[in-house]
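Participant: If you want the building blocks of each chain, they are given just below.
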Amino acid sequence: MIIKNGHIIDPANKRDGVFDILIKGGRIEKVERVIKAKDEDIVDADGKIVSPGLIDMHVHLREPGREDNETVASGTAAAAAGGITSVCAMPNTQPAMDSAANIKGLKRIIKKDALCNVFIIGAITLDRMGERLTDMEAMRGEGVTALSDDGDTIQDEVLMLNAFKSAKKNGLLLISHCEDKGISKNGVVNEGIIATKLGLRGIPREAEYGFVERDIRLAGKAGARLHIAHVSCKESVDIIRKAKKKGVAVTAETAPHYFSLDEDACVTYDTRAKMNPPLRSAEDVKAVKRGLRDGTIDAIASDHAPHGKHEKEIEFELAAFGIIGLETSLALAAAHLAGEEGFSWARLIELMSVNPARILGLGGKGRLSPGMDADITIIDPQRAWIYAKDSIKSKSKNSPFIGRRFKGKAETAIVGGRTRDGRYRRP
Amino acid sequence: MRNETKLEEKTAKQDRAASKQAATWAKKDLLGLEYLTAGEIELILENAKSFKEVLGRPLRKVPSLRGKTVVNLFYEPSTRTRTSFELAAKRLSADVINIMKESSSIQKGETLVDTGRNLEALKIDIIVVRHGASGAAMMLSRAVDISVVNAGDGWHEHPTQALLDIFTLRQRLGSIKGVNVSIIGDIAHSRVARSNIWGLTKLGANVTVCAPKKLIPAAIEKMGVRVTSDVDDALKKADAINVLRMQFERDGESAFPSKMEYFKTFGITEERLKRAKKGIVVMHPGPINRGVEMSGEVADGTNSVILEQVTNGIAVRMAVLYLIAHARYNKR
Numbered sequence: 129m130i131i132k133n134g135h136i137i138d139p140a141n142k143r144d145g146v147f148d149i150l151i152k153g154g155r156i157e158k159v160e161r162v163i164k165a166k167d168e169d170i171v172d173a174d175g176k177i178v179s180p181g182l183i184d185m186h187v188h189l190r191e192p193g194r195e196d197n198e199t200v201a202s203g204t205a206a207a208a209a210g211g212i213t214s215v216c217a218m219p220n221t222q223p224a225m226d227s228a229a230n231i232k233g234l235k236r237i238i239k240k241d242a243l244c245n246v247f248i249i250g251a252i253t254l255d256r257m258g259e260r261l262t263d264m265e266a267m268r269g270e271g272v273t274a275l276s277d278d279g280d281t282i283q284d285e286v287l288m289l290n291a292f293k294s295a296k297k298n299g300l301l302l303i304s305h306c307e308d309k310g311i312s313k314n315g316v317v318n319e320g321i322i323a324t325k326l327g328l329r330g331i332p333r334e335a336e337y338g339f340v341e342r343d344i345r346l347a348g349k350a351g352a353r354l355h356i357a358h359v360s361c362k363e364s365v366d367i368i369r370k371a372k373k374k375g376v377a378v379t380a381e382t383a384p385h386y387f388s389l390d391e392d393a394c395v396t397y398d399t400r401a402k403m404n405p406p407l408r409s410a411e412d413v414k415a416v417k418r419g420l421r422d423g424t425i426d427a428i429a430s431d432h433a434p435h436g437k438h439e440k441e442i443e444f445e446l447a448a449f450g451i452i453g454l455e456t457s458l459a460l461a462a463a464h465l466a467g468e469e470g471f472s473w474a475r476l477i478e479l480m481s482v483n484p485a486r487i488l489g490l491g492g493k494g495r496l497s498p499g500m501d502a503d504i505t506i507i508d509p510q511r512a513w514i515y516a517k518d519s520i521k522s523k524s525k526n527s528p529f530i531g532r533r534f535k536g537k538a539e540t541a542i543v544g545g546r547t548r549d550g551r552y553r554r555p
Numbered sequence: 002m003r004n005e006t007k008l009e010e011k012t013a014k015q016d017r018a019a020s021k022q023a024a025t026w027a028k029k030d031l032l033g034l035e036y037l038t039a040g041e042i043e044l045i046l047e048n049a050k051s052f053k054e055v056l057g058r059p060l061r062k063v064p065s066l067r068g069k070t071v072v073n074l075f076y077e078p079s080t081r082t083r084t085s086f087e088l089a090a091k092r093l094s095a096d097v098i099n100i101m102k103e104s105s106s107i108q109k110g111e112t113l114v115d116t117g118r119n120l121e122a123l124k125i126d127i128i129v130v131r132h133g134a135s136g137a138a139m140m141l142s143r144a145v146d147i148s149v150v151n152a153g154d155g156w157h158e159h160p161t162q163a164l165l166d167i168f169t170l171r172q173r174l175g176s177i178k179g180v181n182v183s184i185i186g187d188i189a190h191s192r193v194a195r196s197n198i199w200g201l202t203k204l205g206a207n208v209t210v211c212a213p214k215k216l217i218p219a220a221i222e223k224m225g226v227r228v229t230s231d232v233d234d235a236l237k238k239a240d241a242i243n244v245l246r247m248q249f250e251r252d253g254e255s256a257f258p259s260k261m262e263y264f265k266t267f268g269i270t271e272e273r274l275k276r277a278k279k280g281i282v283v284m285h286p287g288p289i290n291r292g293v294e295m296s297g298e299v300a301d302g303t304n305s306v307i308l309e310q311v312t313n314g315i316a317v318r319m320a321v322l323y324l325i326a327h328a329r330y331n332k333r
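Residue numbers (our numbering), protein chains in the order written: chain A, 129 to 555; chain B, 2 to 333.
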């Protein structure tokens with residue numbers, strides 16, 4: 129396959145211009161100004177951005193356990209539709225990904241059904257109960273990419289320190305959803321005027337940044353690497369910025385909703401605006417953007433969280449947290465970041481491909497060099513489209529962005545040299 | 002008495018002026034006072050006055066809602082509000098059905114939305130809903146094309162309570178504009194407080210909220226109120242106080258050490274009232290915990306309008322049901 133005439137933006141190789149890419153055997157063979165070859169499928173990317181495949185490092189595929197909400201097949205179809213070629217599957221399945229055996233089972237499903245690369249995040253504690261550490265060595269043997277207890281943050285400080293020590297011993301990255309449950313309690317929206325007006329329990333920002341501080345301290349103590357999931361508030365950004373300046377081995381991600389929506393989205397009790405961490409204030413949105421601009425935040429990850437109608441079309445305080453995001457994350461980044469000062473498509477691609485590959489240690493991804501995996505996203509930055517409910521590939525439709533007009537869309541996702549969305553055919 | 006008549010006249014004048022701005026009601030629902038204009042609030046109060054007159058007649062019934070059906074859908078126990086709504090609907094000649102949490106399929110796990118859609122299919126005209134979850138009334142209103150009246154949703158709003166409080170205040174004080182009203186008690190968990198804040202500030206009152214610090218919700222000053230934790234400060238300039246019922250156990254922890262301690266620090270007593278303005282109006286949405294948020298003497302004293310509030314509640318709810326039943330709005 130040859131991708132012809134595309135505008136290649138490959139920040140890791142500092143390449144930004146029109147080039148052709150030849151793909152052979154699932155790998156990139158060469159990248160040159162003009163490549164001529166016979167008997168090759170040709171993908172015409174004239175006027176399009178050709179990017180190293182996008183990597184979403186925070187996704188809930190729900191399989192096994194909640195196949196009614198999402199499966200590996202439907203979730204990875206959604207990813208491909210959003211231009212994402214690799215996802216990290218969070219371990220909060222039923223059963224949880226807390227043992228080599230469970231991971232083996234999931235790998236079988238992935239092999240059979242996945243339309244993009246799926247990397248498995250293993251649990252830190254058994255059944256993610258925050259009590260006993262998992263057998264990290266055995267899970268590493270099955271190829272887990274990183275470790276996380278996801279939304280069930282380990283509250284016990286001693287256990288968390290031991291988790292860092294064990295992760296370090298096994299050379300695994302620890303991803304932390306920072307939430308001090310003693311502070312967030314039963315809160316459902318950001319603490320502040322919106323929570324007060326709505327009469328809903330607030331989640332103080334301290335619940336997040338207090339644990340960002342704690343985990344940076346504990347990781348430092350253990351000498352382990354830490355990645356902070358979905359940063360949502362100003363104080364967290366400030367704490368991470370400071371830590372990075374000191375040389376702490378910490379990285380961070382945010383989700384598109386934290387730079388495109390604020391707590392005002394909750395004023396009609398729209399449960400599609402209910403997430404954890406909650407949508408914060410306009411000031412926090414600004415701080416998150418600043419963090420994305422100056423490198424404090426390394427990555428954009430969707431925190432794709434599919435939930436069925438029965439979990440969302442109920443009273444706000446009872447509704448499930450989270451939204452789907454695989455099919456909108458690139459478009460939201462384009463809408464809210466690409467055009468702004470200090471941002472560029474190259475920076476977006478760093479945030480959505482180069483940096484996730486680096487953080488996760490995916491050596492074959494995140495750049496378009498000969499020999500690398502042929503994971504490539506072709507983006508039409510001018511394409512106008514509407515995010516329509518009927519078009520959603522995910523099994524769940526819980527998104528506050530349904531009906532929104534966007535400019536900029538992934539045209540195709542090439543995974544291991546194969547287009548997986550069926551959009552491109554041999555001419 | 003003469004003084005009161007004068008005030009009534011003054012109010013009537015202002016009401017007429019206000020109702021010119023909003024002579025018609027065009028909303029499907031009443032979900033909260035946040036969502037009403039000052040003109041719409043005035044319109045309800047103006048209509049309530051006519052209906053209060055009806056309540057003074059020997060035959061207390063008008064045919065305005067004949068042929069209409071009102072359902073009281075109550076997910077929380079309530080005697081006062083439910084009885085008041087039921088009486089209001091009956092005085093308007095509507096048919097009334099009461100559905101309580103324990104006597105319906107709610108306990109079988111039917112969702113609020115499903116219950117609402119079934120009531121709609123049963124050709125009900127108005128659902129009056131009381132629910133423990135904030136936003137429940139709004140969610141229900143989105144799910145059905147029939148009218149929804151919020152009779153209290155979680156900590157969010159209790160619009161008819163605030164309307165009857167304001168109605169009572171206006172009868173006592175004339176205009177609401179520039180009047181100092183202090184709301185005292187558990188502000189954080191009170192839908193009555195929120196609805197009163199919206200209604201009073203829209204009509205130009207100066208509102209102070211007073212509570213132990215733990216019971217003052219974050220950033221409430223952005224709703225346009227003054228905040229204090231000193232009850233004497235809250236009483237000092239007040240023309241009226243609205244004293245909230247104090248619930249001690251919430252989420253398994255108490256916001257105040259004891260009832261006695263609360264009474265000492267925040268309780269409204271005759272002694273405290275002596276230091277307040279002479280004709281200060283004392284309101285309470287009920288039910289009262291005598292000796293906790295207010296002494297029995299104050300509850301029964303000359304400043305208290307607590308039972309007037311109850312009577313006015315029927316008139317205000319008649320006005321709300323009447324306006325909503327005759328609303329002209331675009332159906333979806």
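The set of hints was computed from the structure by calculation and includes no laboratory data.
Incorrect hints may have been included.
[Said to hold, decoys possible] Only pairs whose alpha carbons sit at most 27 Å apart, straight line, appear in this in silico BS3-like list of lysine-lysine: (1) B:Lys223 x A:Lys313; (2) B:Lys215 x A:Lys309; (3) A:Lys313 x A:Lys437; (4) B:Lys53 x A:Lys437; (5) B:Lys260 x B:Lys223; (6) B:Lys124 x A:Lys309; (7) B:Lys278 x A:Lys313; (8) B:Lys260 x B:Lys203; (9) B:Lys53 x B:Lys102; (10) B:Lys203 x A:Lys437; (11) A:Lys313 x B:Lys124; (12) B:Lys265 x A:Lys362; (13) B:Lys215 x B:Lys237; (14) B:Lys62 x B:Lys124; (15) B:Lys275 x B:Lys237; (16) A:Lys166 x A:Lys152; (17) B:Lys178 x B:Lys50; (18) B:Lys91 x B:Lys62; (19) A:Lys373 x A:Lys313; (20) A:Lys414 x A:Lys370; (21) A:Lys296 x A:Lys373; (22) B:Lys50 x B:Lys203; (23) A:Lys362 x B:Lys214; (24) B:Lys178 x B:Lys215; (25) A:Lys535 x A:Lys523; (26) A:Lys362 x B:Lys203; (27) B:Lys238 x B:Lys214; (28) A:Lys535 x A:Lys525; (29) A:Lys414 x B:Lys260; (30) A:Lys293 x A:Lys239; (31) B:Lys29 x A:Lys437; (32) A:Lys313 x B:Lys237.
[Stated by the list, open to error] Here are a few chain B residues that sit away from chain A, every Cβ distance over 12 Å (derived from the structure): (33) Val55; (34) Ser135; (35) Trp156; (36) Arg192; (37) Arg195; (38) Lys265.
For every residue, glycine included, the Cβ atom is placed at its ideal position computed from N, Cα and C.
Participant: Take the hints in turn and mark each one as holding or not.
Facilitator: Hints and how they fare:
Between Lys223 of chain B and Lys313 of chain A the CA atoms are separated by roughly 24 Å; this keeps the pair inside 27 Å, and the hint holds. Distance check on the hinted pair: Lys215 of chain B and Lys309 of chain A sit about 19 Å apart at the alpha-carbon level, within 27 Å; holds. Simply put, Lys313 of chain A and Lys437 of chain A have alpha-carbon atoms about 25 Å apart, close enough for the 27 Å limit, and the pair holds. Restraint check for Lys53 of chain B and Lys437 of chain A: the C-alpha separation of about 45 Å exceeds 27 Å, so the hint is violated.
Among the hinted pairs, Lys260 of chain B with Lys223 of chain B is inconsistent with the structure: their alpha-carbon atoms are about 30 Å apart, more than 27 Å. With a C-alpha separation of about 46 Å, the suggested pairing of Lys124 of chain B with Lys309 of chain A is violated against the 27 Å cut-off. Using a Cα cut-off of 27 Å, the hinted pair Lys278 of chain B and Lys313 of chain A is violated, with the two alpha carbons roughly 42 Å apart. The suggested pairing of Lys260 of chain B with Lys203 of chain B is violated, with an alpha-carbon distance near 34 Å, which exceeds 27 Å.
The hinted pair formed by Lys53 of chain B and Lys102 of chain B fails the criterion: a straight-line CA distance of about 31 Å is larger than 27 Å. Only pairs whose Cα atoms come within 27 Å are accepted, and Lys203 of chain B paired with Lys437 of chain A is rejected, the gap being roughly 37 Å. With a CA separation close to 42 Å, the supplied pair Lys313 of chain A and Lys124 of chain B exceeds the 27 Å bound. Pair hint Lys265 of chain B plus Lys362 of chain A does not hold up; C-alpha atoms about 41 Å apart against a cutoff of 27 Å.
For the proposed pair Lys215 of chain B and Lys237 of chain B, the alpha carbon gap of about 22 Å is at most 27 Å, so the pair holds. Taking the CA atoms of Lys62 of chain B and Lys124 of chain B, the gap is about 24 Å. The hint holds against a cut of 27 Å. Restraint check: the Cα-Cα separation between Lys275 of chain B and Lys237 of chain B comes to about 10 Å, which is no more than 27 Å; the hinted pair holds. For the suggested pair Lys166 of chain A and Lys152 of chain A, the alpha carbons sit about 13 Å apart, so the restraint of at most 27 Å is met.
Restraint check: the Cα-Cα separation between Lys178 of chain B and Lys50 of chain B comes to about 19 Å, which is no more than 27 Å; the hinted pair holds. Using a Cα cut-off of 27 Å, the hinted pair Lys91 of chain B and Lys62 of chain B holds, with the two alpha carbons roughly 8 Å apart. Distance hint between Lys373 of chain A and Lys313 of chain A is unfulfilled; the C-alpha atoms sit about 32 Å from each other, more than 27 Å. Between the alpha carbons of Lys414 of chain A and Lys370 of chain A the distance comes to roughly 18 Å, so the proposed pair stays at or under 27 Å and holds.
The hinted pair formed by Lys296 of chain A and Lys373 of chain A meets the criterion: a straight-line CA distance of about 22 Å does not exceed 27 Å. With a C-alpha separation of about 20 Å, the suggested pairing of Lys50 of chain B with Lys203 of chain B holds against the 27 Å cut-off. For the hint pairing Lys362 of chain A with Lys214 of chain B, the CA-to-CA distance comes to about 25 Å; that is within 27 Å, so the pair holds. With a C-alpha separation of about 30 Å, the suggested pair Lys178 of chain B and Lys215 of chain B falls outside the 27 Å cut-off, and the hint is violated.
With a C-alpha separation of about 24 Å, the suggested pair Lys535 of chain A and Lys523 of chain A falls inside the 27 Å cut-off, and the hint holds. Restraint check for Lys362 of chain A and Lys203 of chain B: the C-alpha separation of about 33 Å exceeds 27 Å, so the hint is violated. Between Lys238 of chain B and Lys214 of chain B, the direct Cα distance comes to roughly 21 Å. Compliance with the 27 Å bound is thereby established for this hinted pair. Between Lys535 of chain A and Lys525 of chain A, the direct Cα distance comes to roughly 21 Å. Compliance with the 27 Å bound is thereby established for this hinted pair.
Between the alpha carbons of Lys414 of chain A and Lys260 of chain B the distance comes to roughly 45 Å, so the proposed pair goes past 27 Å and is violated. Pair hint Lys293 of chain A plus Lys239 of chain A does not hold up; C-alpha atoms about 32 Å apart against a cutoff of 27 Å. In summary, the hint linking Lys29 of chain B to Lys437 of chain A is supported, as the alpha carbons are separated by about 25 Å, within the 27 Å threshold. With a C-alpha separation of about 37 Å, the suggested pair Lys313 of chain A and Lys237 of chain B falls outside the 27 Å cut-off, and the hint is violated.
Every Cβ of chain A is farther than 12 Å from the Cβ of Val55 of chain B; the closest lies at roughly 33 Å, confirming the non-interface assignment. Its beta-carbon lying about 4 Å from the closest one in chain A, Ser135 of chain B breaks the requirement of being farther than 12 Å from that chain. Listed as outside the interface, Trp156 of chain B is inconsistent with that label: its C-beta sits roughly 3 Å from the nearest C-beta of chain A, within the 12 Å cut-off. Annotated as non-interface, Arg192 of chain B brings its C-beta within 12 Å of a C-beta of chain A; the closest such distance is 6 Å.
With a least beta-carbon separation of about 6 Å from chain A, Arg195 of chain B fails to lie farther than 12 Å from that chain, contradicting its non-interface assignment. At the 12 Å boundary, the C-beta of Lys265 of chain B stays outside the reach of chain A, the nearest C-beta of that chain being 28 Å off.
In this structure, the hints that do not hold are numbers 4, 5, 6, 7, 8, 9, 10, 11, 12, 19, 24, 26, 29, 30, 32, 34, 35, 36 and 37, in rising order.
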